[in-house]
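Chains as they are written, first to last, in our numbering: chain A, 25 to 456; chain B, 25 to 456; chain C, 25 to 456; chain D, 25 to 456.
Since the hints were made in silico from the structure, they are not lab data.
Among the clues, some could well be false.
Distance condition first, Cα-Cα at most 30 angstroms in a straight line; then the derived BS3-like pairs of lysine-lysine [as the list claims (entries may be wrong)]: (1) 207/C / 305/C; (2) 305/C / 115/A; (3) 305/A / 115/C; (4) 115/A / 207/A; (5) 305/B / 207/B; (6) 305/D / 207/D; (7) 305/B / 207/D; (8) 115/B / 305/D.
The model shown is predicted, which means the values in this text are computed figures rather than measured ones.
As a plain string of letters, each chain reads:
4 protein chains.
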Amino acid sequence: MSIDEAIAADNLRACAARYAEIRRFSEQLSEPLSAEDCAIQSMPDVSPTRWHLAHTTWFFETFVLSQFPNHEVFNADYAYLFNSYYNTLGKQYPRSQRGLLSRPGLAEVRTWRHHVDTLVLDTLRTGAGVTEHTLNLLEVGLHHEQQHQELMLTDIKHVLSRNPLRPVYRDGSFGVGRRSESKGHLRIDEGIYWIGHDGAGFAFDNESPRHRVFLNEFELSCDLTTCGDYLQFIDEGGYQRPEFWLSVGWQTVCEQEWQAPLYWFQNDDQWYQFTLAGPRKVDPHVPVTHVSYFEAEAFARWSQSRLPTEAEWEVASQQATVDGNFVDRLLAGDSAIHPHGAVRTDASIVNMFGDVWEWTASPYVAYPGYVSPEGALGEYNGKFMCNQFVLRGGSCATSSDHVRGSYRNFFQPEARWQFTGIRLCQQEPSHA
Amino acid sequence: MSIDEAIAADNLRACAARYAEIRRFSEQLSEPLSAEDCAIQSMPDVSPTRWHLAHTTWFFETFVLSQFPNHEVFNADYAYLFNSYYNTLGKQYPRSQRGLLSRPGLAEVRTWRHHVDTLVLDTLRTGAGVTEHTLNLLEVGLHHEQQHQELMLTDIKHVLSRNPLRPVYRDGSFGVGRRSESKGHLRIDEGIYWIGHDGAGFAFDNESPRHRVFLNEFELSCDLTTCGDYLQFIDEGGYQRPEFWLSVGWQTVCEQEWQAPLYWFQNDDQWYQFTLAGPRKVDPHVPVTHVSYFEAEAFARWSQSRLPTEAEWEVASQQATVDGNFVDRLLAGDSAIHPHGAVRTDASIVNMFGDVWEWTASPYVAYPGYVSPEGALGEYNGKFMCNQFVLRGGSCATSSDHVRGSYRNFFQPEARWQFTGIRLCQQEPSHA
Amino acid sequence: MSIDEAIAADNLRACAARYAEIRRFSEQLSEPLSAEDCAIQSMPDVSPTRWHLAHTTWFFETFVLSQFPNHEVFNADYAYLFNSYYNTLGKQYPRSQRGLLSRPGLAEVRTWRHHVDTLVLDTLRTGAGVTEHTLNLLEVGLHHEQQHQELMLTDIKHVLSRNPLRPVYRDGSFGVGRRSESKGHLRIDEGIYWIGHDGAGFAFDNESPRHRVFLNEFELSCDLTTCGDYLQFIDEGGYQRPEFWLSVGWQTVCEQEWQAPLYWFQNDDQWYQFTLAGPRKVDPHVPVTHVSYFEAEAFARWSQSRLPTEAEWEVASQQATVDGNFVDRLLAGDSAIHPHGAVRTDASIVNMFGDVWEWTASPYVAYPGYVSPEGALGEYNGKFMCNQFVLRGGSCATSSDHVRGSYRNFFQPEARWQFTGIRLCQQEPSHA
Amino acid sequence: MSIDEAIAADNLRACAARYAEIRRFSEQLSEPLSAEDCAIQSMPDVSPTRWHLAHTTWFFETFVLSQFPNHEVFNADYAYLFNSYYNTLGKQYPRSQRGLLSRPGLAEVRTWRHHVDTLVLDTLRTGAGVTEHTLNLLEVGLHHEQQHQELMLTDIKHVLSRNPLRPVYRDGSFGVGRRSESKGHLRIDEGIYWIGHDGAGFAFDNESPRHRVFLNEFELSCDLTTCGDYLQFIDEGGYQRPEFWLSVGWQTVCEQEWQAPLYWFQNDDQWYQFTLAGPRKVDPHVPVTHVSYFEAEAFARWSQSRLPTEAEWEVASQQATVDGNFVDRLLAGDSAIHPHGAVRTDASIVNMFGDVWEWTASPYVAYPGYVSPEGALGEYNGKFMCNQFVLRGGSCATSSDHVRGSYRNFFQPEARWQFTGIRLCQQEPSHA
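Next comes chain A alone, as it looks inside the complex (with noise of 0.2 angstroms):
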């Protein structure tokens, strides 16, 4: 039973079960790092593990406990160390500075963590003072949770990575990306749909109003683009000619000086990615990953193609299920925490959900309609609708009960480090 049903079921017990399964795997995820390893924050857009640890922790202990009027608050200064960026509820410790805190350390970090959970465990036993926007606010912290246990797996490999020991985070197998035999498109009419949350389960504020589009006919890749797909663009000289790129991502190359997508390295003229588990040889069958937006598009306007927006993505998604590579196979003991491909079925479309988040064409902004919550969750997702694009589908960090086709993740478009790829729209006959 997932969260949002045990919720809709007003089933507290399920409820607290969750609860305990998916903090305990935030646990599990730092179990491998050692403490140094999760205080290090390698650039400002990293935070360090323990952070996640502690910053979730504030979350459960802010929106829901402190909604009982009994509660003492565990420590009055961590308000101001872990609060990430509520300007309700007060002034926060500079982002860029949280590699600097050594204390509260880690053992400190899962004291606390361990003091939050039993109240809430608690609380939920006895039911006593539970509404159902206490729920509700819990249903949003574990997704909340989710969101950060994907961010430490992709924060921690930029930490390592960073290590010219190229340290393991976890040791696994990589199943051997193949290449399904044929690669075709799937094609939508020209019409008008609907698009946005259906109201069933849980879904953030940004998912909605659900509202109508006109959508021209469309083509979508069924398969994501390959590394094998990737190394022809590279091999075409596609970072040394700006005739791919827009102006600020061509920008982007000559200052930041890519060549490669992030993580890839060479040797003896053989390409190389660094991977959670390690530098690994790149597999040209598997999706490539760790793709900025500005990649995206200039590999796609370099194939003649286009990215999908964002409601060409949803509609097509819904011909697929939420199925793939996600984060969960960690628990079921398959490490790897990478892409590994898809072996075609007979379902047209492959690959929508898990294995990498999809960048579309669409920048992130509101829906039709669209207003902030009341409140300090109303700067969950609201505010930052500007220099933002959205992605789609989840990735092999993203846990399966987290995502949906209406999920509309952002990025600034320059943002590698986390599992993004790419899936390309067939051009417009009438321009090709």
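Given chain A, put chains B, C and D in place with the hints provided.
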């Protein structure tokens, strides 16, 4: 006869007349300025006046004259110095260093202008070798020249504003703003609408393809936001309260220490603004200008309203005519280049064109089916479709025959040195 | 027996004892710290504690053990990670990124330390292959270790100071400062004096050649400047009045918004300072510390005095003994590493050694005839002779057997995180 | 009669003549330049020519004319715009933004100059109210003007050098350099020497007090380092080998990608340099110039030599006369402002004066007993005594009557845009 009509009529004599007139206007704009005024670059976004005079000349020499086999380039070094951003045509002198060039001087640049003008006019007079393609390039060049005329005004305003002597570009009377009696909204019904260039007359590539969009019912304010409206926002702590702002907007407010629109300053508790006619008191009845997208968006949120999308704006604009406060009045002897608002007529909606560019809620992206043109002109618009927002309607620094309902201007959300303003859309009733 | 005496006596057993003792002291200094504390780099000048523990170990492995033909390096990657700045020995991991390394972790670094210590001690025990050169390198290594012990304390102070929780490194009592009754000056006659190392015992290369200088008559203050003295400077607008400051000093004051020495802060109109024992009230009777050269020089100008040159300081120091408030007292169980001033004895001049490093007016340059030694150790001191000022006398974080009258410490004029203080010289009568 | 002699003789007519002559020379220097050339600031260290013309005028108006009770200031706003760094006289327009000012224009500045000159000359003609103090200030003003004349030349050289058109300031023939046949050294015995201004004629405050220094025996090269000498350093990897460089010097080489002196560039394997007469081949027989202290020091180390201290230089200079390649020759019609080296005469040491400023090993600090003068002129020299090195002897851009043996010029060790060069001192025999 506009250049578009002249070209459509294949009327070379009319083309030549229009060419001469538009080119002459650039000279007129630089007349009040000294050679030193024309040399200054006061921030990276600003180009020196002399650079504008040279770059537009390079444009005609490169795109029009160089089509003719025997053309000898005036000075081979100028291609590097005055190519703005066309990678297809070779490397460019760094944009941020345009203010470091003292040569070629203003006199030399004027000689070059005269030289190129003579050749273009001779060509049009004889008609030898002139094809439809030639005329199309000429047309692009003249619209390009008009864009730079607007930039010359906004750039020199910034240059002069940085000088503690607060120099006057051109003295002139300001019409006294009059608030129209009743402020209402124009209601547009839900439906599918066509937007984009309809094919009549000139348009830039980014206005096509014409395509359908689905719009919910909306209500657009019949008036522009005035300085008086905006002063209320300031007085109620608009610049001190993060809850109104996008996250990057608030960061900008804090870092840049914004307290009011660009060019506003306080003196003895009275607000003034620097204008092209020197410092003037802020008139509460004229449209506010020199606000960023961040400020427009925050003002809208504070107003419990929102900005229109570009599709909404364009659909509504079909009820207005391209008429208003344009830079043309400079030629009519009315020299204060500044918004003056409108006297209400019987038309329901006023000031859609002229006065100030109106920020829309729409990030600048490609229309469905858009593909950049081949060749250097393909770099004109397409490669900037990232991290910018669309503005509509033209300003007091725009030429009246340059703008149209489908015209898409675009700037970064932090840009404030253009004549940019605000028109609100009513928040949807369902969320009020 | 000091290491220098042991080496001079060719007493390997004494050498080994001293080696073990000094190396152990580094461990003792890191004992109160968590693994996370030891990982943080709070500004580019600061290195993580763990890095200090590793770098000093690299120093012995590289300069001492690698002299022996059969030595096998513990980990070949560490040369890159822990070489500080010796270009002769290869490339170095960037200094400003030392805080990004979580591996090797603290436990692994301690294993390495133990491994190297065992080898060094075994070598000294058997004496096989040990030459005078070996012992000289060992001696340099131990003085080097003592320098890093001082840096470990000043660096961790900075790290902890940045944490809003204001953690305590080590609790401890502060002696209450007592202002000596009469403040006088020590007068030194005009003449030719010898300065520089006189050849007895260890000294760094930059203390040689011993050479003659001509000095005018001067009078050096018998006491250090106290916090009480410095508070007067603050109260009389010292940080608001450019007339006291060097030009780059004033620029620094404005840009960094300096209002007091580093680590000082105000609370309810009372001055506090962050210390290694946590926040404490500023005691007006103890020497002021954590002032930059800029502040020392401005304070002197405000006092109508000046700072002494290093030659003046050294000549005057011949009347003092190397005795005072050193880090040794940590081992004696007195743990508050902080200046405590001196009780006046019958000696005319007090506190020349220990308590605070004293800024001199002398830029750090080569002594006449100085030539950097050959090889990697030639990079130890000589290449830093630019844009730094000399400090003399050691501090409360220095080991008593590390410092001497000819010892030249040096830092950039803006540096404040060392235990740096002020001793004034009387302005010459002819200009008073 | 020099200004110093005229003032010493209390000869107002001679003062006036000299005033007129020196002021006129500033005008002559700006004659070949356009208004735009005079407006550009190509880097923060450079000031526009027009700013120099205005600032020197402000200096006379402020320090001389404003002593007279009835003086009416020409324009009250100019005090803010043209005060360089005198905090005593009020706030200053930011130095780094001098290139953003287009007003007052060149014509207006010239009008101001004429106005001030007329008043000064009238005052000197009538003598009313003229005291010795007046004349002393006038003298400072004229030496100040001469300093800015040199800066005008070095600044405009930098401005023009940044322009891809490589404009010529003033054409002119270069004497062909001739290497003197034998290079020798001037030996000076060990002893106590007096240095500093001896009281005859004008000197800046930083040349006093005259005082004694003890010098070891040393040998100073009789010749300047030539381009040919320096090319050997380049050819032997001088810019690729960190072992020759100070630590901050090497950092600068890497960050700035220095490969040769400023203004040098390669074309078809031949070295050229940009000069005030445009690009010219590097002549191996003329003194190298436009090297930083870092380069001078690295070259010396590579040569197994060293730079002289300023005391050594000054003592040696007592065997030379103030005679050489000065900017005076511009007035004599010989216009190529560039070092030309010297034909050996019977004098043992050549080129001590003129051609290039010679870097010394001495940081710029106060002489023993130095106290800054009271008032604004106290800011002239004293506040810059930090992180700069002393240069001696004047250059081809210096006026011959401006420089003397005790004259102390000073620049940051990375500065290269002055006419700076190298004279070596022999390494002490004991270390050879």
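Next item on the list: Kindly indicate which numbered hints from before are broken by the structure, ordering the numbers from low to high.
Entry: 4, 7
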